[in-house]
Each structure stands twice: as structure tokens, then as C-alpha cells.
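Undergrad: So the protein lines, in turn, are chains A and B.
Going left to right, the first sequence walks through residues 1 to 436 as my numbering numbers them.
Going left to right, the second sequence walks through residues 1 to 436 as my numbering numbers them.
Think of the hints as simulated: they come from the structure by calculation, not from any bench.
All values derive from a computational prediction rather than experimental measurement.
Treat the hints with care, since some could be wrong.
If the Cβ cut is set under 10 Å, some of the chain B residues that face chain A in the computed set are [as the list claims (entries may be wrong)]:
no. : residue
1   : Ala36
2   : Arg219
3   : Asp223
4   : Glu292
5   : Asn309
6   : Ser313
7   : Trp321
8   : Thr325
9   : Tyr419
10  : Cys431
11  : Lys435
Derived lysine to aspartate or glutamate pairs resembling EDC-like cross-links, with alpha carbons at most 20 Å apart [said to hold, decoys possible]:
no. : chain 1 : residue 1 : chain 2 : residue 2
12  : B       : Lys413    : A       : Glu142
13  : A       : Lys361    : B       : Glu112
14  : B       : Lys339    : B       : Glu147
15  : B       : Lys239    : B       : Glu265
16  : B       : Lys425    : A       : Asp223
17  : A       : Lys305    : B       : Glu272
18  : B       : Lys413    : A       : Glu221
19  : B       : Lys413    : A       : Asp393
20  : B       : Lys81     : A       : Asp223
21  : A       : Lys239    : A       : Glu265
22  : A       : Lys81     : A       : Glu46
23  : B       : Lys413    : A       : Asp223
24  : B       : Lys430    : B       : Glu112
25  : B       : Lys413    : A       : Glu397
Don't be surprised by glycine CBs; every beta carbon is placed ideally from N, CA and C.
Protein chains: 2
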Amino acid sequence: MRISTRNGMGERFMVKSSMPAGAVLFAQSGTPTTVANAALLAALTEAKRKAKVFHRLLGARNGLLGILQEELFDFAKEDPKALEALEICPALAAGSCPYPLRTEADLARAVEVFQAHNIRYFFPIGNRDAMNAADRIGRLAEQKGHELVVMGIPATAENNLAFTDHCPGFGSAARYNATTIMEASRDTESLYTAEAVTVQEIPGREAGWLTASCGLARRNEEDGPHLLLVPELPVNLNKFADLVRDGLKRLGRCVVVVGEGAVDESGRFLSEQALEPGRDVAGPGPSEGAAEFLGHFIEREVGVKTRRNKPGSLLRSAMHWASRTDLDEAAKAGQMAVKHALQGSTGFMVTLVRKSGRPYKCDTGLAKLSEAASGESRLPRHFMNEAGTHIADPFREYCLPLIKGDVTIPLGKDGLPLYPRLQRKLIPRKCGEWKR
Amino acid sequence: MRISTRNGMGERFMVKSSMPAGAVLFAQSGTPTTVANAALLAALTEAKRKAKVFHRLLGARNGLLGILQEELFDFAKEDPKALEALEICPALAAGSCPYPLRTEADLARAVEVFQAHNIRYFFPIGNRDAMNAADRIGRLAEQKGHELVVMGIPATAENNLAFTDHCPGFGSAARYNATTIMEASRDTESLYTAEAVTVQEIPGREAGWLTASCGLARRNEEDGPHLLLVPELPVNLNKFADLVRDGLKRLGRCVVVVGEGAVDESGRFLSEQALEPGRDVAGPGPSEGAAEFLGHFIEREVGVKTRRNKPGSLLRSAMHWASRTDLDEAAKAGQMAVKHALQGSTGFMVTLVRKSGRPYKCDTGLAKLSEAASGESRLPRHFMNEAGTHIADPFREYCLPLIKGDVTIPLGKDGLPLYPRLQRKLIPRKCGEWKR
Chain A
1 MRISTRNGMG ERFMVKSSMP AGAVLFAQSG TPTTVANAAL LAALTEAKRK AKVFHRLLGA
61 RNGLLGILQE ELFDFAKEDP KALEALEICP ALAAGSCPYP LRTEADLARA VEVFQAHNIR
121 YFFPIGNRDA MNAADRIGRL AEQKGHELVV MGIPATAENN LAFTDHCPGF GSAARYNATT
181 IMEASRDTES LYTAEAVTVQ EIPGREAGWL TASCGLARRN EEDGPHLLLV PELPVNLNKF
241 ADLVRDGLKR LGRCVVVVGE GAVDESGRFL SEQALEPGRD VAGPGPSEGA AEFLGHFIER
301 EVGVKTRRNK PGSLLRSAMH WASRTDLDEA AKAGQMAVKH ALQGSTGFMV TLVRKSGRPY
361 KCDTGLAKLS EAASGESRLP RHFMNEAGTH IADPFREYCL PLIKGDVTIP LGKDGLPLYP
421 RLQRKLIPRK CGEWKR
Chain B
1 MRISTRNGMG ERFMVKSSMP AGAVLFAQSG TPTTVANAAL LAALTEAKRK AKVFHRLLGA
61 RNGLLGILQE ELFDFAKEDP KALEALEICP ALAAGSCPYP LRTEADLARA VEVFQAHNIR
121 YFFPIGNRDA MNAADRIGRL AEQKGHELVV MGIPATAENN LAFTDHCPGF GSAARYNATT
181 IMEASRDTES LYTAEAVTVQ EIPGREAGWL TASCGLARRN EEDGPHLLLV PELPVNLNKF
241 ADLVRDGLKR LGRCVVVVGE GAVDESGRFL SEQALEPGRD VAGPGPSEGA AEFLGHFIER
301 EVGVKTRRNK PGSLLRSAMH WASRTDLDEA AKAGQMAVKH ALQGSTGFMV TLVRKSGRPY
361 KCDTGLAKLS EAASGESRLP RHFMNEAGTH IADPFREYCL PLIKGDVTIP LGKDGLPLYP
421 RLQRKLIPRK CGEWKR
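Here chain A stands alone, though its shape is the one from the complex (with noise of 0.2 Å):
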């Protein structure tokens, strides 16, 4: 599980030992976080005090696709008031895509561009698809003679990278979580005499990371949410829906909260769970549908009224209810690959490494992109309780201390928060078209 990153500078086969100059390169990647703004723009400021090595600052429009398309702009043309603002700014401000880039050709194309715009230094901030694209091009353009620093930046809200303690992401979505689920908890603890039950389904298809956190909200036994279900541990919906009963019997509501990606004990995804006939919210994977599922499961089988809640991409959107220590964490890891990469390290991501828990203190580490990239952290099994069906003590401890204080939103005078936008102007191209 997780494990503390044991590739620090030490390994100096990965170090330059000649810093090349030229432009900088930042390409946000993957679903976006609340966090991935304020990495960039940490980043950006940090990339800025060393104009000699550092040419031109430059981002890709609309991530990985946008360096295929050889879509770049320039982060000096940006209004600098914008610039600024970019720690509270929720989504990606240069833009991401669905679009994984593994193809040869496509990575050739990204070198291709590299050195066509003497792209010396590259930052992909984002998830495990980032680091995988950002490994491979580097590995090749050093196999093209293009030197080429590589250092990634984590953000993810699915809490999945490994060799990181967390991900910068988690705890903004987790604050949000908890928060919400306790509001919901508490509005069906309100509203009804008899029997309720409230599923709320919270995105993650591998990991239960983000279900996870929505169990920091029980403080007591009177709290919701009362069930998790989260994807490492298959659910038999037989003692599921006893549990279901049981909550209702004592308290007279149960509130639910089911992973996007959490599976039958066959292993069958909740949500290719066709209940009634004709009824199928069968999809290309795991999609949305686990809450309507259990919904339409507990009004059969437990005979009530069930209520579902499905934020969708408002969790990991949620800027006005983001985490300071996780923006902050997120500006200390952009500014930390910066500064490694002036130390000319690369192949690296920067990881977040705990060094204590109470008090907590977070300090930076670096793990090898091709490592980071394919390994993958789920939920250890003791962060949930014996049963599986809530969070335990260590998932209390690992989580708190991530999601603590609160974030001042700029609000303009329609009372509404202020987020900038970039205008990502283009700048002239060099390549020859590109067909995907």
C-alpha cells in the first residue's frame, strides 16, 4: 500500500549534468481538481525567478491533445491579473482531454513539437495518464538526442497515484464529501417520521478513496452516512439490505453512500446491474447508475422510498468549499518540481510524503514517473472497518489532517465567486499538420 518514496536524489543517474535552456512546457491532464490551477500557477511563479535557463513559459492548450495539435500559448500574454488569480480556480485552466497518447506516432508528434519550439523543460500536472505520456515522451526524446526534462506534478481527486501519501485533490473533494453527506445525512434525518433511505453515489471506479472520505462525516451512531460501499470490497447485497433493515429499525433512516465503480460479490459492477426487466444501465464499464441500482434494490427489497444524490463532477469542481492545506500542498509540490528540475533531476514525479501525523507535517519527495505511472493505490483494507461497511480509526488519521481549513473565494459584486479564465491565445505553429 502506500509506501514512503524511496527514489530521492540519490539516484543520480537520473540527474542532468548539464542544464539545457530553452522553453518550459506545462500540460494539465486528466478529470480536473480544485487544486491543479494553484499547482500551476506555484509552478509558473517559481519558473519565473530563472528567466536565463527558463526562455519562455508555455501550456497546452487542452492538455495532451493540445501538444499533439501543437496548440500552445504563452503564459506571458496572459493578463497577469489572471495569472494570479489562478489559485482559486476550480477545473483546468489550460484545458485537458480525454485523449491518452500511447500510440508511437503520437509520441513522436510530441517530440516532434519539442523540438520544434525548444521545449527543454515539460511538467504534465495531473494523473496517472499524465505521468505515463509525460514518461514516454521523455524517454524518447532522449532516444532523439532532444535533451528534455521531465518532472510531473500530481493532481487527482481519485487519490490513486502511488508512491505518494496522498494526492494533491483528494482533500479538497474529501472536505467537500463529508460536508455534503453530513448536509444530506441531516436532511433526511429531517424530513422523514418513518423509514428513509438516501443513496448518495460518489465518483471513483477503481478506488474508494472519495466514498471514503464521505465516512468522515459519522461522528456518532446518529450520524450519516451509515453504509459505505466502496470498490475494493464486493458487496453481498443480501446482508446489505439486512443492514439497510437494521439501520432503519434503529434509527429510523439509513443514508448510503455507494462508489462509482462498486462491485456485486461476482465482481459485476452495481451499476450493469439490470433489476427490473428492461430495465439495463448497462454501459462500457462501470458508469453511472450504482446509486440507481441500490435505489431501485432497497424499494424492492426493503420496501422503501429511497432518495438519490449523484454530484457528479460538482465534487471534484468544488472550489468554494476546497481544502487549504490541499491548496497549499498542490503549490508546494508545482513549486517543488520546478526546483528539482533546475537541479536537473528528471523522470520524476513529486510525490507528497507524510512525516508525522499528529501534528501532521507534509514534506516532498520524488518517485520514478515510469513507477508512478504504473502503480496504482487503492484503499487499504484496515482503513475500513471489519465489517467493510464504514471507515476505520487509520482512514480518520490518514484523511483529517487533509482537508483542514477553509479557502477565502474571491466573490465579485453579484456575490458570485470571481475565477479567472486564460485566454490561451495560440502562438504561431512550426510543425506540419497532425491526423489523429
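Chain B: place on chain A using the hints.
TA: For chain B alone, coordinates are given in the frame of chain A:
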């Protein structure tokens, strides 16, 4: 339409000549809001100052059903700290129920309970159903010679009570809606390079106030949401598909907000329509499913992947992002209800009366309970643009003052909100058993 109340204090026939002394009953009813507890706290605080008139301050556990079941609790027995903390507490601390209280037997039972406990003041806090029940209880009490002062305190996120400029509870839900759709729109904007549609479903079966409030997030052409479907304006699905295509062409994305109760041109709820063979989201009345239907419709007709968010009960319980204006107005309504009751008025609901728009000034007034209970407020046509696809300036003028101001949420050592919980220990029964 929205009209200011004309049922002021001038109507003396509704004013009692002598003030009865006795117990006070507060009952929360309808679906929860983030401000109903602030209204309760303000009313309690005001009532405590007149112990000579108000001998005892009782709450009905679980709303109207609590009256019938004679489940009453004494606020004097609650932890004073929990009471003080009620201002910042989501949902309904006293509890609510889905029971409408409409039969003669129910009403007779309610009056029996009022008589047994010498309840002389009744303050319902909630929606139209609550006002209707309170009105009928008040009339029957009068018939039976039980002197009873009834004064309603409005609280509903759906904003569908007539005779009041707006309803406490709406401003906070609107603030949450506008902020989260702003954030979800940025998520959509950043995640996809090509075409992408997000459909967010907003509660509201008959009135489009909550759906319209999402429109505030759009400050310019680039901002989402791009299309709003309110229940008041039937949707031509072919035209809708064209608008989505057009949005994708212009911006590469389209964010759609659909009200739960949106209908097509034949008057059928979108949520009731079976699009695929065997796929049936029909249920009793309009139900969750409008976003699901539209998502499938767009995927089939326009050929792009859709994302569907259904915050459900999250939006009406989002205490963490409540509007200060809304919370203060709810408290004012609660306080004024008690003041008016002390002046001998009965059979009214407190209303909010907008004295001026810029600067925003709001006072309270009174509307007859019978009229408040039977009237319903829907979104005026001119609050939407000519095409009926987005809000118009008059709605902005109307809504923006209501969402203003941050609320500071008390956080625990764990970094999560501290919301109080009442004990609601029941006082001894004096009436016989009640059966539905």
C-alpha cells in the same frame, strides 16, 4: 405573479381583542431548507422575552405528524448551546414529515392536542402545505372555542409561496446552485477538447425558480450554463437539440440545466418519457429522471457523450454555502411572527416585502394564511429571455440581492462543520392513542 401583500395590520377583524396566555408550539414542515432553523431560533429568542404570555415553548417532533402523534418536546429542556447554534444548522432540527394533515379527523386530533397542552400560539415554519394545515387548525380551534393565535413563517427553497416577494430558503439554494453550476461549467470547459454536454438536474416540480437561479452563473457568452429548461415553458425537443448542436459548434461545449418538472410540448414530463425500448423512467408524477432522459436524448440525437449531475437534496441542505441575506431574512420573519402574534394578529403568514431593488431593502408584511396556502408563485414569463432558454435581466435584478453574503460555518477540530442536534425528548402525553 408576485404581488406585495395587501393584508397588512389594517385588517383588524383578524386581530384578537384579548391576548390568551399559554404554551407556544413551533412546527417545521415541508422539505428542509438551510434557514428554517435560523427562523426557529429567532422566533424562540423573541418568545422567551415574554414569559408572561408564552408559558412554555414546545416543538412538534417531526412536524405536523408530531402534533397528531402528540410527540411534543420542550425547548427549555434542550441544551442552551445547541439552541444558540441553531442559526447555522442545515435541514430541520425539530423534524418534518411528508404527512399533509388534511382529513377532518386529523384536524380534530390536532385541536385536541392543542387543548390538552393549553397551546395558545402556533407557529408553523415551512411551505404551502404547512400554511394550509395551520390555517385549517386555526379555523377548527376557533369553531371549538379554543382561543388560538396562528402565525406562519415561510421557509421553502422552491420559492413557490405567493404573496411574498420571495421565500426564506430560496436565496441560499440559489447561491449554491449558481456557484456549483459555475464550477461544473468550468469542469466541462476544461475537460473536453471537442464536444461535450453536461446536464444538471435541479429539483422543482412546478416552479422554475431554482432552475432559473443557475442562470446567474453566466456572466458572458463563454460561461455556462448555456440552456435552462424550466417547468413553466414546455420544451420543443427538436429545437432543443438544435440549440445544443449550435452551442457545441460555437463553444465546443454545452451546459444544460433542467428542472425536475420540465415538460415537452404535449405537457408530458421529460422524466416520464421512455426513450429506449424497455427503458422506462416513469413514476408517480414528475420524478428524478429528467437529466437521465435528456442525457440519452442528446447522446442519440446529437451524438455526443453527456455528463449528468443530480445534486438532489444537496442543494437545499448546503448550509456550508448559505446566503447571509437569506439567513438574516429568515430570522427576521421568525422574529416578526412572534411580534405580530403578541399584537394579537392571527391567521397570517409573515411575508417578505421588497421596498427597493437598488439598494436592496426588504421589509416584512403579512398575508392571510388561507391565501398564502392556496396561492402559488411560478416564474413570470419576463424573467426568462424571449426564446425561453435562459434568464432575462429582470430575474437577475430580482435574484441577485437574495444570494449575497457569506455565512461563517463553525468548524470542529476535525475541520468539518459543527451542526447542533436537538434532543427532542418528549413531554408526557395527555391524549389517547392516535391512529392514521
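Undergrad: Does each hint hold? Answer for all of them.
TA: Hints and how they fare:
A least Cβ separation of about 9 Å between B:Ala36 and chain A falls short of the 10 Å threshold, and the interface hint therefore holds. Of the supplied interface hints, the one on B:Arg219 holds, with its beta-carbon coming within about 8 Å of a beta-carbon of chain A, less than 10 Å. Interface restraint check: B:Asp223 against chain A, minimum CB-CB distance 9 Å, threshold 10 Å, status holds. Satisfaction of the interface hint for B:Glu292 is found here, the shortest Cβ-Cβ separation to chain A being roughly 8 Å, below the 10 Å cut-off.
With a cut of 10 Å, the hint placing B:Asn309 at the interface with chain A holds, because the nearest CB-to-CB distance is about 4 Å. At its closest, the beta carbon of B:Ser313 sits 5 Å from a beta carbon of chain A; the interface hint therefore holds under the 10 Å criterion. The criterion of a C-beta within 10 Å of any C-beta in chain A is met by B:Trp321, whose closest approach is roughly 6 Å, and the hint holds. At its closest, the beta carbon of B:Thr325 sits 8 Å from a beta carbon of chain A; the interface hint therefore holds under the 10 Å criterion.
Taking 10 Å as the C-beta cut-off, the interface hint given for B:Tyr419 holds, the closest approach to chain A being about 6 Å. A distance limit of 10 Å between C-beta atoms decides the matter here; for B:Cys431 the minimum to chain A is near 18 Å, and the interface restraint is violated. Contact between B:Lys435 and chain A, as hinted, is not supported at the beta carbon level, the nearest pair being about 14 Å apart and thus beyond 10 Å. For the hint linking B:Lys413 to A:Glu142, the alpha-carbon distance of about 50 Å lies beyond 20 Å, and the restraint is violated.
Of the supplied pair hints, the one linking A:Lys361 and B:Glu112 is violated, its CA atoms being roughly 62 Å apart against a limit of 20 Å. Pair hint B:Lys339 plus B:Glu147 holds up; C-alpha atoms about 18 Å apart against a cutoff of 20 Å. Our distance criterion of 20 Å between C-alpha atoms is met by B:Lys239 and B:Glu265, whose separation comes to about 11 Å. Annotation: proposed proximity of B:Lys425 to A:Asp223 holds, straight-line Cα distance about 18 Å (limit 20 Å).
With a C-alpha separation of about 18 Å, the suggested pair A:Lys305 and B:Glu272 falls inside the 20 Å cut-off, and the hint holds. For the given pair, B:Lys413 sits about 19 Å from A:Glu221 by alpha-carbon distance, which is consistent with the 20 Å threshold. Distance hint between B:Lys413 and A:Asp393 is fulfilled; the C-alpha atoms sit about 16 Å from each other, no more than 20 Å. Of the supplied pair hints, the one linking B:Lys81 and A:Asp223 holds, its CA atoms being roughly 19 Å apart against a limit of 20 Å.
In summary, the hint linking A:Lys239 to A:Glu265 is supported, as the alpha carbons are separated by about 11 Å, within the 20 Å threshold. Proposed proximity of A:Lys81 and A:Glu46 is supported: the alpha carbons are some 17 Å apart, at most 20 Å. Distance hint between B:Lys413 and A:Asp223 is fulfilled; the C-alpha atoms sit about 17 Å from each other, no more than 20 Å. Restraint check: the Cα-Cα separation between B:Lys430 and B:Glu112 comes to about 10 Å, which is no more than 20 Å; the hinted pair holds.
Of the pairs offered as hints, the one joining B:Lys413 and A:Glu397 holds, with about 13 Å between alpha carbons and a cut-off of 20 Å not exceeded.
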